[in-house]
Amino acid sequence: GAGVSQTPSNKVTEKGKYVELRCDPISGHTALYWYRQSLGQGPEFLIYFQGTGAADDSGLPNDRFFAVRPEGSVSTLKIQRTERGDSAVYLCASSLNGYETQYFGPGTRLLVL
Amino acid sequence: AQSVTQLGSHVSVSEGALVLLRCNYSSSVPPYLFWYVQYPNQGLQLLLKYTTGATLVKGINGFEAEFKKSETSFHLTKPSAHMSDAAEYFCAVSEVYTGGFKTIFGAGTRLFVKA
Numbered sequence: 058g059a060g061v062s063q064t065p066s067n068k069v070t071e072k073g074k075y076v077e078l079r080c081d082p083i084s085g086h087t088a089l090y091w092y093r094q095s096l097g098q099g100p101e102f103l104i105y106f107q108g109t110g111a112a113d114d115s116g117l118p119n120d121r122f123f124a125v126r127p128e129g130s131v132s133t134l135k136i137q138r139t140e141r142g143d144s145a146v147y148l149c150a151s152s153l154n155g156y157e158t159q160y161f162g163p164g165t166r167l168l169v170l
Numbered sequence: 723a724q725s726v727t728q729l730g731s732h733v734s735v736s737e738g739a740l741v742l743l744r745c746n747y748s749s750s751v752p753p754y755l756f757w758y759v760q761y762p763n764q765g766l767q768l769l770l771k772y773t774t775g776a777t778l779v780k781g782i783n784g785f786e787a788e789f790k791k792s793e794t795s796f797h798l799t800k801p802s803a804h805m806s807d808a809a810e811y812f813c814a815v816s817e818v819y820t821g822g823f824k825t826i827f828g829a830g831t832r833l834f835v836k837a
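Chains A and B, in that order, give the protein sequences. Whatever position you read off the first sequence (first residue = 1), add 57 for this note's numbering. Whatever position you read off the second sequence (first residue = 1), add 722 for this note's numbering.
Don't read these hints as lab results, they were simulated from the structure. Virtual Cβ for every residue (Gly too), placed ideally from N, Cα, C. Hints are supplied without guarantee of correctness; some may be wrong.
Said to hold, decoys possible - According to the in silico footprint, chain A covers these stretches of chain B (three or more CB under 8 Å from chain A): (1) 759-772; (2) 824-836.
Unchecked claim - Pairs of lysine to aspartate or glutamate, EDC-like flavour, derived with a Cα cap of 20 Å: (3) A/K135 - A/E101; (4) B/K824 - A/E101; (5) A/K74 - A/E157; (6) B/K771 - B/E810; (7) B/K824 - A/E140; (8) B/K771 - A/E77; (9) A/K68 - A/D114; (10) A/K135 - A/D114; (11) B/K824 - A/D113; (12) B/K824 - A/E157; (13) B/K771 - A/E101; (14) A/K72 - A/D143; (15) B/K780 - B/D807; (16) B/K836 - B/E810; (17) B/K836 - B/E793; (18) B/K780 - A/E157; (19) B/K824 - B/D807.
Please take these sequences and the hints and turn them into a complete structure.
This is the structure in C-alpha cells:
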C-alpha cells in the first residue's frame, strides 16, 4: 500500500513569509508525528497527534509553529514569519496506534532565504 | 528525560568487516529502542526495535542489536559489511505514556564502506 507522503518535496521561501507543509499518513494510522532534521543532526520531535488532537506539542520551538489534523488523517504544519534558522528537512511519520512502528515520509526540505 | 548518544559521527569499515555502531541512552522508564537507516534523499527506514523480551534483536539486512540495561546501551552490529550498507544510522529511544510514545533520536552515525 501507499506509504507516508509529504508535499512539497522542496520549498524555498523568503524570511518573514508563511509556509504550510502537508503530510498524508498511511491510511488507518491514528498516530501522526512531525520532526525537524537540521543538517548533520538527528530528527527532532515537534508534535504528536492521536486522531485529531495534539497529544504532545512540547517540541514546537515557539508560537510561530502550529500544526493541525482536523479530520484525523492529513496534517499540515504551519510556520509563520519564517526565519533563516527554520531551514531544515521536516519529516512526518505515522503509526497504527501510537505504540507501533513509525513509518516516515521522505520529508520536505525547507529553505528560508 | 530521555536522551540518546551515538558515539562517533562517522565510522569507516572495509567491505566484509564487522560493523559496530554505538548507542547509549538514558530513560526514566523502561525504554523502547530503535535503529533507523537513512539513505541519501530517502526517508528513515526502521532496521530493528526492542520493546520487551529477548534482548538480542535481529533486524533487516543482517543487522542486529543487543539491549544491555546495565550498560544503558543498544549497539548495532553486522558481521560483514556490504557496500550497500553505506548510509546514515540513527538510534532512538521512546518512552511510553498515555496515548502513545515520544521518540528522541541520536545525532546519527554515517557509515562509510570501503571496497
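Hint-by-hint comparison with the structure:
no., hint, verdict
1, 759-772, "holds (count 7)"
2, 824-836, "holds (count 7)"
3, A/K135 - A/E101, "holds, 17 Å"
4, B/K824 - A/E101, "holds, 11 Å"
5, A/K74 - A/E157, "violated, 36 Å"
6, B/K771 - B/E810, "holds, 17 Å"
7, B/K824 - A/E140, "violated, 26 Å"
8, B/K771 - A/E77, "violated, 32 Å"
9, A/K68 - A/D114, "violated, 23 Å"
10, A/K135 - A/D114, "holds, 13 Å"
11, B/K824 - A/D113, "holds, 8 Å"
12, B/K824 - A/E157, "holds, 12 Å"
13, B/K771 - A/E101, "holds, 19 Å"
14, A/K72 - A/D143, "holds, 9 Å"
15, B/K780 - B/D807, "holds, 16 Å"
16, B/K836 - B/E810, "holds, 15 Å"
17, B/K836 - B/E793, "violated, 31 Å"
18, B/K780 - A/E157, "holds, 17 Å"
19, B/K824 - B/D807, "violated, 28 Å"
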